[in-house]
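One line per chain: the protein sequences are A and B, in this order.
Each residue of the first sequence is one higher than the last, beginning at 1 in our numbering.
Each residue of the second sequence is one higher than the last, beginning at 1 in our numbering.
Treat the hints as calculated values from the structure; they're not laboratory data.
Note that the structure is a prediction, hence the values are computed from the model and not measured.
Quick reminder that beta carbons are idealized off the backbone N, C-alpha and C, glycines included.
Hints should not be assumed to be uniformly reliable.
[What the hints assert, rightly or not] Mimicking DSSO-like on lysine-lysine, the simulated pairs with C-alpha atoms at most 27 Å apart in a straight line are:
1. A:K77 with A:K55
2. B:K435 with A:K316
3. A:K176 with B:K360
4. B:K73 with B:K110
5. A:K132 with B:K641
6. B:K24 with B:K194
7. B:K641 with B:K542
8. A:K176 with B:K361
9. A:K248 with B:K542
10. A:K316 with A:K197
11. A:K316 with B:K416
12. B:K415 with A:K316
13. B:K503 with A:K194
14. A:K289 with B:K9
15. B:K503 with A:K197
16. A:K197 with B:K502
17. A:K233 with A:K248
18. B:K9 with B:K151
19. A:K316 with B:K452
20. B:K452 with A:K233
21. A:K256 with B:K502
22. B:K435 with A:K233
23. B:K411 with B:K213
24. B:K415 with B:K450
25. B:K218 with B:K411
26. A:K176 with B:K679
27. A:K176 with B:K539
28. A:K316 with B:K450
29. B:K502 with A:K194
30. B:K503 with A:K132
31. B:K454 with A:K233
[Said to hold, decoys possible] Simulated coverage check for chain B against chain A, where a stretch passes if three residues somewhere in it have a Cβ under 8 Å from a Cβ of chain A:
32. 19-29
33. 222-229
34. 352-365
35. 423-431
36. 501-515
37. 546-556
38. 706-715
Here is how the chains run, residue by residue.
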Amino acid sequence: MSRGGELFIFYEKSMPMIDEKIVSIQSEIEKILPSISSKEMLENFRIEFLARKGKVASLYDDLKTVPSEQKPVYGQKVNALRKYTEEQFQLLKSRLDSTVSEKEEFLDRTLPGRMRPRGTRHPITQTMEEMKSIFISMGFGIVYGPEIEDDYHNFEALNFPPNHPARDMQDTFFIKDDVVLRTHTTPVQIRIMKHRKPPIRVIMPGRVYRNEAVSARSNYFFHQVDGLYVNEKVTFAELKGTLITFAKSFYGSSIKYRFRPSFFPFTEPSLEMDITCFLCSGKGCRICKHTGWLEVLGAGMVHPNVLRNCGYDPEKVSGYAFGMGVDRISLLRYGIDDIRTFFDNDIRFLNQF
Amino acid sequence: MRISYNWLKKYIDVKISPEELSNKLTNLGLEVESVENLGSQYTGFVVGEVVEVQKHPNADRLTVCRVKVERGKEPQQVVCGAPNVSKGQKVIVGLAGATIPKNQHDPNGKPFTLSKVSLRGVESNGMICSEYELGLGDDKSGIKVLDAHAKVGTSLAEYLGVNDTAFEIGITPNRPDCLSHIGIARDVAAAYKKKYARPVFKLRENKKLSIYKLAKVKVEDTHACPRYSARLIENVKVQESPSWLKNFLSAAGLRPINNIVDITNFVMLEYGQPLHAFDYDALAQHTIVVKNAKTGDRFTTLDGKDHQLDGTELMICDGKKAVALAGVMGGLNSEISRSTKSVLLECAYFSPVSIRKTAKKLGISTEASYRFERGTDPNIVIEASARAASLIAELSGGEVAGGCIDVYPKKISPKKISLRTERVNDILGTSISTKQISDLLNAIEIKTQKGKRKASFVCHVPTFRPDIEQEIDLIEEIARHYGYDNINNQIPGDVIFTLQDKKEAKINEIRNWFESNGFNEIMTNSLIDNSLAASFSDKTVKVRNPLTIELEVLRPSLLPTMLQSVSHNYNHGAAKLHFFEIGTVFSSADLTRPNPVNGYSEQNMLGICMSGDANQLSWNEKLRPIDLYDLKGVAQSLFTKLGLDNIHLICYDASKSLTESAIDIEINNTYVGFIGKCKKIVLEKFKIEKDVYFAEINLDLVTEFEVSRKFSEFSKFPTVIRDVAFLLRNEVTVQEIEDEIRKAGGKLITEVTVFDIFSGKALGEGQKSVAFSLKLNSGEKTLSEEEIEKIISNIVHAVQSTFGAVLRSI
Ligand SMILES: [Zn+2]
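Construct the entire structure; sequences and hints are all you get.
Written out as structure tokens, the structure is:
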């Protein structure tokens with residue numbers, strides 16, 4: 001144990017051994033403190049003085065040998081030294097901690113974050129889901145039917161007589177004489193009407209097929225959402241109201257629309273709904289064939305023959321039905337030129353949705 | 001159907017612009033698909049009169065003319081280079097801004113646009129044109145001189161009679177009556193509450209000639225041919241039609257041929273009634289027999305095509321041979337030619353079904369068959385025939401023989417259909433009065449008679465409306481003419497609660513899961529190549545009339561079309577492909593199994609396809625390729641997300657044709673799909689070089705399982721974690737060891753996680769080290785150190801004795 005000369009604390013001749021030790025440790029600490037410049041040195045300092053068997057702690061052992069009347073005095077001194085040492089240690093520690101992080105760990109905040117993978121839903125799914133959710137909010141349920149369909153459901157029950165030119169409206173893929181790839185999702189109407197009793201309010205989404213050459217504007221398969229409402233006293237006026245509500249929710253409340261009389265074998269009266277072309281605001285462009293209008297859906301009152309085919313009495317119930325093509329609408333909404341783009345599934349395309 | 005504005009106006013006395021008419025037609029359900037201004041190429045050309053001709057002061061071959069181009073206005077100065085220009089001529093002047101269709105000084109005759117120019121110091125305000133320059137002929141020698149009564153200021157389009165607008169109208173199959181100008185005029189006139197005018201003509205017959213002596217008609221099949229009429233016109237001169245007729249046919253989209261054929265086409269476009277003209281002298285025995293073909297007969301139509309007949313076709317025959325495919329196309333053997341002297345004019349009504357069958361089977365569609373298939377008016381036959389005969393007499397100098405053979409054994413009368421006012425308003429949601437209803441119907445020639453019941457009618461539907469068969473058809477006519485816009489828009493007041501489908505919700509959850517885990521949803525073709533399909537299944541479903549052989553068979557699996565998308569993306573430089581698709585797959589099925597359509601089964605499948613990089617290139621992660629465990633993890637995480645447990649993944653030696661190292665997935669002991677690595681032999685078909693991992697899961701089954709999410713109490717006592725590592729033979733699977741650990745550890749083992757696997761020379765040939773982290777919890781108390789030691793030692797002992805494993809220290 002060395003004894004230093006430059007001590008600030010008092011020195012008494014008659015002091016016992018412990019006193020000398022306190023002074024000596026204190027002076028030693030004060031000498032070392034200014035030289036501590038790293039965490040390692042600080043740790044060594046802690047072990048030397050503050051640890052369980054360190055020099056300051058050992059003073060408590062020495063305290064046991066002090067006569068009892070002097071114990072309070074020296075006890076205080078030892079406590080004071082311990083407090084002083086700990087304070088100095090903490091002070092140095094916090095100083096070293098802060099300098100270390102600034103110097104050793106430069107944080108490049110321009111580094112990109114760790115990205116979570118990003119997936120996409122197919123744009124046609126997105127359009128379809130939006131349509132579904134609007135109809136669900138209007139009280140429609142969702143039902144599905146088979147894509148391989150028989151002639152009865154696809155045509156006959158829907159009032160397409162055999163050898164009728166109306167069948168030319170839908171070029172058909174045949175599997176057998178009386179089995180086809182459904183040309184529309186409308187046959188699901190027949191299935192659901194035969195299966196349930198009115199009131200029925202459902203939509204019928206799904207894939208349909210037409211035997212048409214594949215081009216930028218048409219594909220041999222596409223997706224449809226059909227709708228059906230059958231109840232007592234359903235009117236054409238309600239059909240119009242429903243379609244307008246849908247169109248405003250889907251295309252925006254400011255759109256302009258028009259209803260044109262049209263023809264579908266399974267509805268009468270039939271209509272087609274056009275909305276103002278949203279690409280040219282109705283001025284006329286290539287997409288709307290310079291008419292300013294885009295045809296968005298077909299609809300009508302369920303034909304009494306169809307109701308009868310499903311075992312309903314047209315005098316007691318009436319209904320309306322509608323249908324729209326999802327692919328074409330998606331094409332228009334996203335400004336896509338070629339319908340085949342949807343099915344190339346190029347990730348540069350998919351990642352845009 | 002193409003409609004000429006000028007001709008339509010001849011039948012209706014309404015002042016409407018082409019634009020207004022176009023809207024009106026569309027609102028009536030006669031959708032105008034396009035409007036074409038036919039005279040537009042002649043804009044800027046007018047008839048002018050040369051009033052003064054002077055020599056050009058600076059050029060010998062040029063003259064300076066003053067041409068009057070507008071009545072009451074000063075003549076314009078025009079410099080002309082033509083040798084034939086002289087004072088007093090009526091000429092065609094192109095004014096500044098007009099485009100000359102053909103430049104006669106350009107070797108290719110390129111068009112050019114006129115502007116005011118100075119020609120050798122003299123101002124010229126236009127150009128006097130030659131026939132060649134206007135595209136009206138080949139004469140380049142000088143300007144075209146018009147006849148003296150041409151009116152100054154008349155536009156060229158008007159002068160030529162081509163100042164017309166053509167409407168392309170999409171006629172729906174239920175409106176055969178609108179496949180004619182008169183039919184459309186009838187609907188438009190009704191919309192304006194006006195009457196339309198029928199053509200006025202006078203038929204002069206030569207009573208000395210009697211058709212009854214000169215020709216015979218016999219109809220054998222009166223079902224397929226309910227009415228057949230014939231007229232005879234002798235001494236015709238077959239020649240070019242006059243320009244009014246040619247202009248009309250061109251405007252309506254038909255090519256002029258000769259006066260006789262043009263007249264039959266004209267009357268068809270006017271009345272909607274197809275007619276056919278035979279060369280009378282080509283008809284053996286001057287006889288017409290309407291009967292079915294014989295099986296094996298051949299017939300050459302006038303387009304030169306030879307057809308094999310099967311005996312179902314209705315034929316028009318003469319005394320010896322067939323001369324026309326009834327209602328479809330005439331024969332080459334009796335067509336009108338320049339040498340034709342007499343014409344036998346056929347005007348008939350054929351059964352729509354009979355014509356359609358023939359036209360469809362032989363793959364022929366003509367203007368005539370198109371109309372007959374949809375239904376013509378049996379009661380217009382005589383008027384249309386007379387109209388055509390009178391025109392033939394007028395334009396070919398022929399004489400119409402007296403009389404008309406008309407075989408019409410059973411008259412087709414107007415249908416009587418009853419209609420109730422209440423029903424009209426119930427369906428439409430309107431309050432249209434009984435009076436309004438009768439007015440609306442009468443305007444389109446449907447006569448109404450008071451019915452027995454109050455506010456009801458008996459309607460007499462003319463035969464030109466075969467589509468109107470029942471009350472609802474009349475209601476549609478009322479709605480159409482009442483105006484869809486005048487019907488209120490009503491929002492249903494009632495509420496129907498519909499149960500939402502759980503399956504729908506689950507599929508949505510699946511899409512969400514994939515979307516948030518970095519997968520792209522794709523949508524692929526449903527049809528694939530037969531040979532490709534055959535390598536996936538032997539129960540494929542084939543389309544009988546495919547577009548191409550590449551699209552012949554319904555996909556038996558999502559894999560082939562998903563691989564097409566993988567291939568497409570690799571060809572376009574993609575590196576990381578994580579795809580899923582939800583779609584239908586098809587197979588033929590046992591007839592005894594219940595299916596919506598007997599013999600065919602459809603399943604809604606989830607396909608997952610992973611290939612290329614497992615992750616995105618970034619600063620903190622190394623790129624690594626996808627492997628089987630990526631896909632297995634996807635499937636396992638997805639099932640966990642869906643709340644499905646009791647899942648067994650069964651590994652077996654791959655014998656399936658598509659994938660190697662396959663794993664079957666069973667949920668509640670039901671097979672729901674598989675996971676695997678595509679075999680090279682499959683990938684080669686798609687020219688894919690990288691590995692592709694694929695899973696296909698039956699969503700019809702997966703969405704069927706009941707999922708009940710219930711809270712289960714978790715242990716209040718601390719979980720102890722212990723790690724153990726074994727040295728094992730390579731062939732021992734992790735699953736086997738895990739099973740052994742759980743067996744030896746019993747209920748106290750709550751989790752077993754593999755956290756390290758490696759092999760290397762240091763471990764010895766065929767050896768691997770597998771480290772597990774075990775979680776222990778009794779659920780009833782805190783495990784003591786001794787208890788833990790005992791369990792671990794049991795586990796180690798079991799694994800050692802079962803697999804000959806060696807415990808490695810960690
Ligand atoms: Zn537009």
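Evaluation of the provided hints:
At roughly 14 Å between alpha-carbon atoms, K77 of chain A and K55 of chain A fall within 27 Å of each other, so this suggested pair holds. Of the pairs offered as hints, the one joining K435 of chain B and K316 of chain A holds, with about 26 Å between alpha carbons and a cut-off of 27 Å not exceeded. For the hint pairing K176 of chain A with K360 of chain B, the CA-to-CA distance comes to about 18 Å; that is within 27 Å, so the pair holds. Between K73 of chain B and K110 of chain B the alpha-carbon distance is near 33 Å, which puts this suggested pair outside the 27 Å criterion.
Between the alpha carbons of K132 of chain A and K641 of chain B the distance comes to roughly 24 Å, so the proposed pair stays at or under 27 Å and holds. As the CA atoms of K24 of chain B and K194 of chain B are separated by approximately 14 Å, the hinted pair is consistent with the 27 Å bound. Restraint check for K641 of chain B and K542 of chain B: the C-alpha separation of about 38 Å exceeds 27 Å, so the hint is violated. Taking the CA atoms of K176 of chain A and K361 of chain B, the gap is near 17 Å; set against the 27 Å cutoff, the hint holds.
Straight-line distance between C-alpha atoms of K248 of chain A and K542 of chain B comes to about 42 Å, which puts the hinted pair past the 27 Å bound. A hinted pair counts as satisfied when its Cα atoms are at most 27 Å apart, and K316 of chain A with K197 of chain A qualifies at roughly 12 Å. At roughly 23 Å between alpha-carbon atoms, K316 of chain A and K416 of chain B fall within 27 Å of each other, so this suggested pair holds. Restraint check: the Cα-Cα separation between K415 of chain B and K316 of chain A comes to about 25 Å, which is no more than 27 Å; the hinted pair holds.
Taking the CA atoms of K503 of chain B and K194 of chain A, the gap is near 22 Å; set against the 27 Å cutoff, the hint holds. The suggested pairing of K289 of chain A with K9 of chain B holds, with an alpha-carbon distance near 26 Å, which does not exceed 27 Å. A threshold of 27 Å between alpha carbons decides the hint, and for K503 of chain B with K197 of chain A the separation of about 22 Å falls inside it, so the pair holds. Simply put, K197 of chain A and K502 of chain B have alpha-carbon atoms about 21 Å apart, close enough for the 27 Å limit, and the pair holds.
Distance check on the hinted pair: K233 of chain A and K248 of chain A sit about 25 Å apart at the alpha-carbon level, within 27 Å; holds. A C-alpha spacing of about 23 Å is found between K9 of chain B and K151 of chain B, which places the hinted pair at or below 27 Å, so the restraint holds. Our distance criterion of 27 Å between C-alpha atoms is met by K316 of chain A and K452 of chain B, whose separation comes to about 22 Å. For the hint pairing K452 of chain B with K233 of chain A, the CA-to-CA distance comes to about 24 Å; that is within 27 Å, so the pair holds.
Restraint check for K256 of chain A and K502 of chain B: the C-alpha separation of about 37 Å exceeds 27 Å, so the hint is violated. Restraint check for K435 of chain B and K233 of chain A: satisfied, since their Cα atoms lie roughly 23 Å apart, inside the 27 Å limit. Under the criterion of a C-alpha separation no larger than 27 Å, the hint pairing K411 of chain B with K213 of chain B is consistent with the structure, at around 25 Å. Distance hint between K415 of chain B and K450 of chain B is fulfilled; the C-alpha atoms sit about 16 Å from each other, no more than 27 Å.
For the suggested pair K218 of chain B and K411 of chain B, the alpha carbons sit about 17 Å apart, so the restraint of at most 27 Å is met. Proposed proximity of K176 of chain A and K679 of chain B is contradicted: the alpha carbons are some 34 Å apart, above 27 Å. Restraint check for K176 of chain A and K539 of chain B: satisfied, since their Cα atoms lie roughly 15 Å apart, inside the 27 Å limit. With a C-alpha separation of about 25 Å, the suggested pair K316 of chain A and K450 of chain B falls inside the 27 Å cut-off, and the hint holds.
Proposed proximity of K502 of chain B and K194 of chain A is supported: the alpha carbons are some 22 Å apart, at most 27 Å. A hinted pair counts as satisfied when its Cα atoms are at most 27 Å apart, and K503 of chain B with K132 of chain A qualifies at roughly 14 Å. Of the pairs offered as hints, the one joining K454 of chain B and K233 of chain A holds, with about 21 Å between alpha carbons and a cut-off of 27 Å not exceeded. Against chain A, the stretch 19-29 of chain B contributes 4 residues with a C-beta closer than 8 Å to a partner C-beta. That satisfies the three-residue criterion, and the hint holds.
Given a C-beta distance limit of less than 8 Å, the hint that chain A covers the stretch 222-229 of chain B is violated, as 0 residues qualify and 3 are needed. Coverage of a stretch by a chain is defined here by at least three residues with a beta carbon nearer than 8 Å to that chain's beta carbons; for the stretch 352-365 of chain B and chain A the count is 4, and the condition holds. Closer than 8 Å: that is the beta-carbon criterion, and the stretch 423-431 of chain B has 5 residues meeting it against chain A, so the requirement of 3 holds. With 6 residues having a Cβ less than 8 Å from any Cβ of chain A, the stretch 501-515 of chain B passes the three-residue criterion, so the hint holds.
For the stretch 546-556 of chain B, the stated coverage by chain A is satisfied: 4 residues place a CB nearer than 8 Å to a CB of that chain, which reaches the threshold of 3. For the stretch 706-715 of chain B, the stated coverage by chain A is violated: 0 residues have a C-beta nearer than 8 Å to a C-beta of that chain, whereas at least 3 were required.
When each numbered hint is compared with the structure, violations occur for hints 4, 7, 9, 21, 26, 33 and 38.
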